[in-house]
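Participant: Line by line, the protein sequences give chains Z and F.
Take the first sequence: its letter number 103 is residue 103 in the working numbering, and every next letter is one higher.
Take the second sequence: its letter number 170 is residue 170 in the working numbering, and every next letter is one higher.
Hints were generated in silico from the structure; no laboratory data involved.
Cβ atoms here follow ideal geometry from the backbone N, Cα and C, with glycine treated the same way.
There may be inaccurate statements among the hints.
Stated by the list, open to error - Computed from the model, here is a short list of chain F residues facing chain Z with C-beta under 10 angstroms: (1) Thr42; (2) Phe44; (3) Glu53; (4) Met69; (5) Ala72; (6) Glu75; (7) Gly87; (8) Thr120; (9) Arg123; (10) Val137; (11) Leu145.
Here are the chains, one letter per residue:
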Amino acid sequence: MSIPNTPPKSGGYIPRDRNWQPDALTPPYKTSIKRSPQSALLSFPSTLSEETSPVFGHHLLGELDNDLIHNYAQAGESAIGPRIIVHGRVLDELGRGVPGALLEFWQANAGGRYRHKKESYLAPLDPNFGGCGRTITGEDGSYEFRTIQPGPYPWPNGMNDWRPAHIHFSIFGHGFAQRLITQMYFEGDPHIKLCPIVGILKTQAAIDALTAPLDMNRTVPMDSRAFKFDIVLRGQRQTYFENRKEGL
Amino acid sequence: MSQKLNTLIESASQTAGPYVHIGLMPTYAGNAGYYDEEIGTTPFLDEGNAKGEIVEIVGSVFDGTGWAMRDALIESWQCDASGLFAGAEGSDPAFTGHCRFAADADSGEFTLRTVKPAPTTGRGGVKLAPHISLWVVARGINIGLQTRIYFEDEDNSNDPLLNRIEQRPRVDTLIAKKTGDGKYRFDIRLQGAGETVFLDI
Numbered sequence: 001m002s003i004p005n006t007p008p009k010s011g012g013y014i015p016r017d018r019n020w021q022p023d024a025l026t027p028p029y030k031t032s033i034k035r036s037p038q039s040a041l042l043s044f045p046s047t048l049s050e051e052t053s054p055v056f057g058h059h060l061l062g063e064l065d066n067d068l069i070h071n072y073a074q075a076g077e078s079a080i081g082p083r084i085i086v087h088g089r090v091l092d093e094l095g096r097g098v099p100g101a102l103l104e105f106w107q108a109n110a111g112g113r114y115r116h117k118k119e120s121y122l123a124p125l126d127p128n129f130g131g132c133g134r135t136i137t138g139e140d141g142s143y144e145f146r147t148i149q150p151g152p153y154p155w156p157n158g159m160n161d162w163r164p165a166h167i168h169f170s171i172f173g174h175g176f177a178q179r180l181i182t183q184m185y186f187e188g189d190p191h192i193k194l195c196p197i198v199g200i201l202k203t204q205a206a207i208d209a210l211t212a213p214l215d216m217n218r219t220v221p222m223d224s225r226a227f228k229f230d231i232v233l234r235g236q237r238q239t240y241f242e243n244r245k246e247g248l
Numbered sequence: 001m002s003q004k005l006n007t008l009i010e011s012a013s014q015t016a017g018p019y020v021h022i023g024l025m026p027t028y029a030g031n032a033g034y035y036d037e038e039i040g041t042t043p044f045l046d047e048g049n050a051k052g053e054i055v056e057i058v059g060s061v062f063d064g065t066g067w068a069m070r071d072a073l074i075e076s077w078q079c080d081a082s083g084l085f086a087g088a089e090g091s092d093p094a095f096t097g098h099c100r101f102a103a104d105a106d107s108g109e110f111t112l113r114t115v116k117p118a119p120t121t122g123r124g125g126v127k128l129a130p131h132i133s134l135w136v137v138a139r140g141i142n143i144g145l146q147t148r149i150y151f152e153d154e155d156n157s158n159d160p161l162l163n164r165i166e167q168r169p170r171v172d173t174l175i176a177k178k179t180g181d182g183k184y185r186f187d188i189r190l191q192g193a194g195e196t197v198f199l200d201i
């Protein structure tokens, strides 16, 4: 369908605000010291390589991919820990919902232990918890999944550093330029202000934007609490009508 | 006072951390079978019927001490052998163009097996030399690093992105070296001597 009066494609993504995004070199987060480029990034207008993206259909998803309480559990069992729903919307910088965005998430269990062959924290694994899931946003950019609230855990950075409870998110928008990995924190966690990885964020506003509030309106009484986490991807300089849903 | 713009700002990036593979490459994390279908394990849907030359690109991601990192995760995105991206009309149905790969836990080497991309057309009709876009994440990397693989045996002389690199010796850091028939080497150096050119794109 052609739409009359459509403005010409001005094209491209709104540049990343590198004054807002974290720097590469953040010495209190020690691993960044030898893993940060020293030269300036090369700025270049996006091309089709960045303005297109892989497209993931719903057929990809298994029935329990968005239910971490059950997607690794034995039949009739469920993961141990505070049962929560995480929900929100994926938006672009112009405030439009991003439909068809693939979200992947991973996390530690209620005791702060990851199911990864290289992880060695003494807190035990939960035999009914794997710790990863995925979903695709709806027409309005909304998503939700259920899981257990992860625990904080210690890590070898400073002598006594603990990560706040967090869930990792990986997001595909409609362009490879929007590719983003971030972490969601929980409102009120006292570890947030102590964490060197949170500390790479330059403003309280950036930290707040990664901190999910308790959302009592979305709880399931006698079942699960809920936290709301909206994610913002780079905006594309196009009108809504040009913003095709299938990644091109 | 003027009106407010009411625009949002992109969510701030955080490192993928040491356990990124749990979420994105469960089999690599030791959790094989987690999903019925894992994403991006290969850019092929049907390798036998994919059009174009199949190439293998081997490399490592080195940190600023020269150590080949074992925990980096890389994604690639590219067009097919006709210059079309998946989803475009006429693109190769046997090829997705997207792959996820990680360094081998012992050797620190990754292998990307894919189709050699064709040239594409950029803004204003400018030809872009064949390239593969990469996105590198790992513990210690606060925001995903974007770069590109170009090919030694292609004509890169008029590529507008390569031509924007002021320090000409650094162009070399984006060029995969041919090591054999359909074989290339592409190392990524995060810091220091021979540091790869990373993009703000």
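Participant: Which numbered hints does this structure break?
Facilitator: Numbers 1, 2 and 3, in rising order.
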